[in-house]
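A.B. asks: Chain by chain, the residues run as shown.
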Amino acid sequence: MMQENYLWDGSGTPDPEIQRLETLLADFRGSETALVLPAELPAAPSKFRGVFVNPLSLPRLAVAAAILLVFGVTLFFTMQPKTVPETGPAWEVANIQGEPQIGTKAIAADQAPSKLHVGQMISTNGDSRASLSQADLGEIRIEPNSRVRLLQTDPNRKRIQLDVGTIHAAIWAPPGTFVVDTPSAVAIDLGCAYTLQVAPDGSGSIRTTLGWVGFHLNGRDSFIPAGAMCSTRRELGPGVPYFEEATPAFREGIAKFDSNPQDSSARSAALAMMLSEARAQDALSLWHLLSRTTGAERAQVYARFAALVPPPRGVTRAGILNLDQSMLDLWWNSLGLGDISVWRFWEQSASPQPSANSQQLPQKKQSLLKQQP
Amino acid sequence: MAALSEIRSSHAGPAAVNACNDTGGPDDSLVRAAQSGDRAAFGLLYARYSRMVHGILLARVPFSDVDDLVQDVFLQALPRLASLREVSRFPGWLASIARNRATDFHRRAKPNDEFDEESVAAQSELVAPSTRHSSHSSAEAHAVLDAIRSLPDAYREPLVLRLVEGMTGPEIAARTGLTHGSVRVNLHRGMLQLREILGRNASPPAGGAL
Numbered sequence: 000m001m002q003e004n005y006l007w008d009g010s011g012t013p014d015p016e017i018q019r020l021e022t023l024l025a026d027f028r029g030s031e032t033a034l035v036l037p038a039e040l041p042a043a044p045s046k047f048r049g050v051f052v053n054p055l056s057l058p059r060l061a062v063a064a065a066i067l068l069v070f071g072v073t074l075f076f077t078m079q080p081k082t083v084p085e086t087g088p089a090w091e092v093a094n095i096q097g098e099p100q101i102g103t104k105a106i107a108a109d110q111a112p113s114k115l116h117v118g119q120m121i122s123t124n125g126d127s128r129a130s131l132s133q134a135d136l137g138e139i140r141i142e143p144n145s146r147v148r149l150l151q152t153d154p155n156r157k158r159i160q161l162d163v164g165t166i167h168a169a170i171w172a173p174p175g176t177f178v179v180d181t182p183s184a185v186a187i188d189l190g191c192a193y194t195l196q197v198a199p200d201g202s203g204s205i206r207t208t209l210g211w212v213g214f215h216l217n218g219r220d221s222f223i224p225a226g227a228m229c230s231t232r233r234e235l236g237p238g239v240p241y242f243e244e245a246t247p248a249f250r251e252g253i254a255k256f257d258s259n260p261q262d263s264s265a266r267s268a269a270l271a272m273m274l275s276e277a278r279a280q281d282a283l284s285l286w287h288l289l290s291r292t293t294g295a296e297r298a299q300v301y302a303r304f305a306a307l308v309p310p311p312r313g314v315t316r317a318g319i320l321n322l323d324q325s326m327l328d329l330w331w332n333s334l335g336l337g338d339i340s341v342w343r344f345w346e347q348s349a350s351p352q353p354s355a356n357s358q359q360l361p362q363k364k365q366s367l368l369k370q371q372p
Numbered sequence: 000m001a002a003l004s005e006i007r008s009s010h011a012g013p014a015a016v017n018a019c020n021d022t023g024g025p026d027d028s029l030v031r032a033a034q035s036g037d038r039a040a041f042g043l044l045y046a047r048y049s050r051m052v053h054g055i056l057l058a059r060v061p062f063s064d065v066d067d068l069v070q071d072v073f074l075q076a077l078p079r080l081a082s083l084r085e086v087s088r089f090p091g092w093l094a095s096i097a098r099n100r101a102t103d104f105h106r107r108a109k110p111n112d113e114f115d116e117e118s119v120a121a122q123s124e125l126v127a128p129s130t131r132h133s134s135h136s137s138a139e140a141h142a143v144l145d146a147i148r149s150l151p152d153a154y155r156e157p158l159v160l161r162l163v164e165g166m167t168g169p170e171i172a173a174r175t176g177l178t179h180g181s182v183r184v185n186l187h188r189g190m191l192q193l194r195e196i197l198g199r200n201a202s203p204p205a206g207g208a209l
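These protein sequence lines map, in sequence, to chains F and P. Under numbering that gives the first Met the number 0, residues 0 to 372 are what the first sequence spells out, in order. Under numbering that gives the first Met the number 0, residues 0 to 209 are what the second sequence spells out, in order.
Mixed in with the good hints, there may be bad ones.
[Unchecked claim] Computed footprint of chain F on chain P; a stretch qualifies when at least three of its residues, placed anywhere within it, have a C-beta under 8 Å from a C-beta of chain F: (1) 39 to 53; (2) 59 to 72; (3) 82 to 93; (4) 96 to 106; (5) 137 to 150; (6) 179 to 192.
Honestly, the hints are just simulated from the structure, not real lab data. All values reported here derive from a predicted model rather than from experimental measurement. Glycine is no exception: its CB is placed at the ideal position from the N, C-alpha and C atoms.
Isolated chain P (complex conformation) (with noise of 0.2 Å):
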């Protein structure tokens, strides 16, 4: 029989974001019109920040579970979008979000679930294929990846979002409302420990792997 229901609930129909005809600007603009109600802005506020947001995530809980979660995040936001007084912290007060959610997932989530041998492995399957990478690098990057996790939060959060979201230094401090400074030195030291850990973690046969 029918499911239209399935049809409707899963894909985006009269539910999706009117996206169009807004007059758009600066986010905090946005910020206020998705305050009093305006999908348009909201979903451009989602195209603006989903980056960062899945970066967040992902430097923090399985590969497997970040695109739920980013979809999470942005609907905890939306009914809590009146409560933010001060729209100017619109990233870094969605930033929050995003941690939280992180936190409560591993809450939620079997003890020693994250990182074990298992887990890596499952991730490793379900990572979507891709003609650029050998299963020698693909098991490869989730080593790096693993890696980068291992870091200080205040490490491991910027260089996924460099490394791996392609964000760049002033993209990373703008939407996450952390300063310039900030930013720029949590990437030169991340940095610096991630070559120092991948550095150790290379075999010797080859060489080293950086």
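So here's chain F without its partners, still in its complex pose (with noise of 0.2 Å):
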């Protein structure tokens, strides 16, 4: 007999001829691809805002999202408070599968969102999806098995913690306002929309849907637009990132390249697949290898590069093969992947510190986050 309420909302009892036809037609769901919009938009004024925005270097229409990801050796934690108390500035949390929970309370498909205060934890089990939501910073929505907890929530800084699993987070605060910790990185400036993924050993990925992103880990920068793809490990950081439609072999090769940092003679041949496989379409992978490599590699990345994408005037072989950075600047910007004078102006910023006034997690707890190089 069919579960009428499972059929309709998720709830009551699952029914299991229905739950198999969700499993075996999962694969042909919607896999949210980018939306490339034309570059003229009808009667469409640009309307680009953010602190960060420096009018005289943005094109019209140039887009920037930042997302600055610092990675190091963070303490991961834990925190099972017994109580927390429900009172202060809270997120809505509304019940989209299943029965996501709220602590031990589970959050019902029929009653009105309910309310996630700091220190609390969301956590959705196999068959339960939810999303957080809060005016003035987008929507997040998260997957099934996941455990999302709040950390801090003001006008200016709102952070939760991703232990694992997925979130999908459609974001309209100015960059430098949310921020998300995972096992292996603290982010801060999240913006436009991704996909963030955190395994159980800590590992992660992210894929942009809408705008881009940047990644940051003492020095090392990534940068993923809207259409690409970025793989991070614990302790190594953000990997080289890559459009989703690169070759396989280009993308094993990046694969193999990232997570064999002092295996320098697989690192050299996965070096030489990618660079057979490129096409101009991989200068985004292409450029971030340029400060990955050193020697006569770095010069092997280089002449390829060039053969498909020829640098712009102002940038020499000498130059990049000595890592200049206006240069490595000058040739990104003629990608027109993204203005990384956005990111280069981030950079130069002091990270943005909790405002005394905010509702968040106690002092101890912080004082954990705050342990990164």
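Two chains, two frames, some hints: make the complex.
C.D. replies: Spelled out as structure tokens, the structure:
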């Protein structure tokens, strides 16, 4: 007998027949590919907003969404408070499917949206999903088998912790406002639309669907525009980003390159694979490889990159091989993937600090989060 | 030689929607903002409604064509958005564009192109390989999707949105502009018909798939 409620909104006793169909049909689900709009929109005045905008340097329809992830040897902690006061500012939590929980309290499908207060955790099992939202932030969809804790919320800083699982975020808050902690990273300044995943071992990946995203660790930057992905590894940080449409061999080369930082022969073989497979569309990845290779390998990357996408005026081979930042930036901007001056502005800014009046976790827990290189 | 135009045309770059720094809010305000040219707002509408559009198209056109048509729908909607007088009707309006796009697709396609054996076999090859499914499951998945597509419009669309796209009934109602009652009835009736079809198609030696 079909379980009516389960078919309607996933609540109640799961219907095994319907569950089986859902599993069977899952591969047909939409993959949230990036929307590519024409450069010129009908009657669309530039509405770019944000404190980091330099109107002199940005093209009229330039896009900038900065995500800054600082990777390091963070002490990942799990906090299971016995009681968390349900007072103060809160985010709205809605049940999308099944019975997500706030602490040990289930959120039923037919009840009004619940509130998530600072310190509280929302978790989903294999059959449940939820959404988090706040008026001046955006929306975060929490997928099955995920755990998210609210760490801080105030007008200038909103922070969550993704222990494990997957979130899809569409953020309209100004960059520098929203922060996500993961087992291998602290995220600051999140914007636009993306999917962030964290595996149980602390590794992760991000996939951008709108705008672009930046990762940072000890001077290593990775920029991920819409349609691209980037993996992260605990203690290694962000890998080489790539467009999803890159060839399987190219992506395989990136995976091997990133996962063998100490094995020079494996890295060389992986690099050779990438360079042989690279197309002009892979300029994103080749640009990043310049700063992740040295000596003869960097020269090889430059040669392949320049053959596919000649450097613009003002960029020289010698400058690139010396990793001249201004030349690297010029070449990046010529790719049309986003104006890097936005990123440089944020790089030069001090990391935003929690405000004194913010609603946030006790000092002891905050200090654990600050232990990063 | 350089293929910068190819890079720029094939990826977001400066043409990407600026989805940052908007105040956001309920869909009505997003639609109004998008109508006045706010690319960020339109980007958020895309994020919210792309699943619905994908499901509506998947209920009607070959799987291999759905992603491209999703893009087409939104590119068609954008210049026409200003003509939408009642912003609260945006969900239903967008759903109509998606259905019309599917109709256009078939109008331009060859006769009997969609569900003949050859195209179904081609679709099977284009389904992204999954570590969760064997080839048998993939064939079964296609058979189930075909069965859903054979249902009347009123039933197949909510079923695809529910079973494939993972949207709940309330979400389907909110995104398509239909009432909860309509969606609930159509889900229920559609599921009954689907069970009947799948029960008829089940092979006797397997004891019935469902």
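A.B. asks: Each hint: holds or not?
C.D. replies: Quick rundown of the hints versus the structure:
1. Requiring three or more residues with a Cβ within less than 8 Å of a Cβ of chain F, the coverage given for the segment 39 to 53 of chain P holds, as 10 such residues are present.
2. Given as covered by chain F, the segment 59 to 72 of chain P passes the check, having 5 residues with a CB less than 8 Å from a CB of that chain where 3 are the minimum.
3. Three residues within the 8 Å Cβ limit are the bar, and the segment 82 to 93 of chain P against chain F gives 0, so the coverage statement is violated.
4. Restraint check on the segment 96 to 106 of chain P versus chain F: 0 residues with Cβ-Cβ distances below 8 Å, three needed, restraint violated.
5. Three residues within the 8 Å Cβ limit are the bar, and the segment 137 to 150 of chain P against chain F gives 5, so the coverage statement holds.
6. Given as covered by chain F, the segment 179 to 192 of chain P passes the check, having 5 residues with a CB less than 8 Å from a CB of that chain where 3 are the minimum.
When the structure is compared with the earlier hints, violations turn up for hints 3, 4 and for no others.
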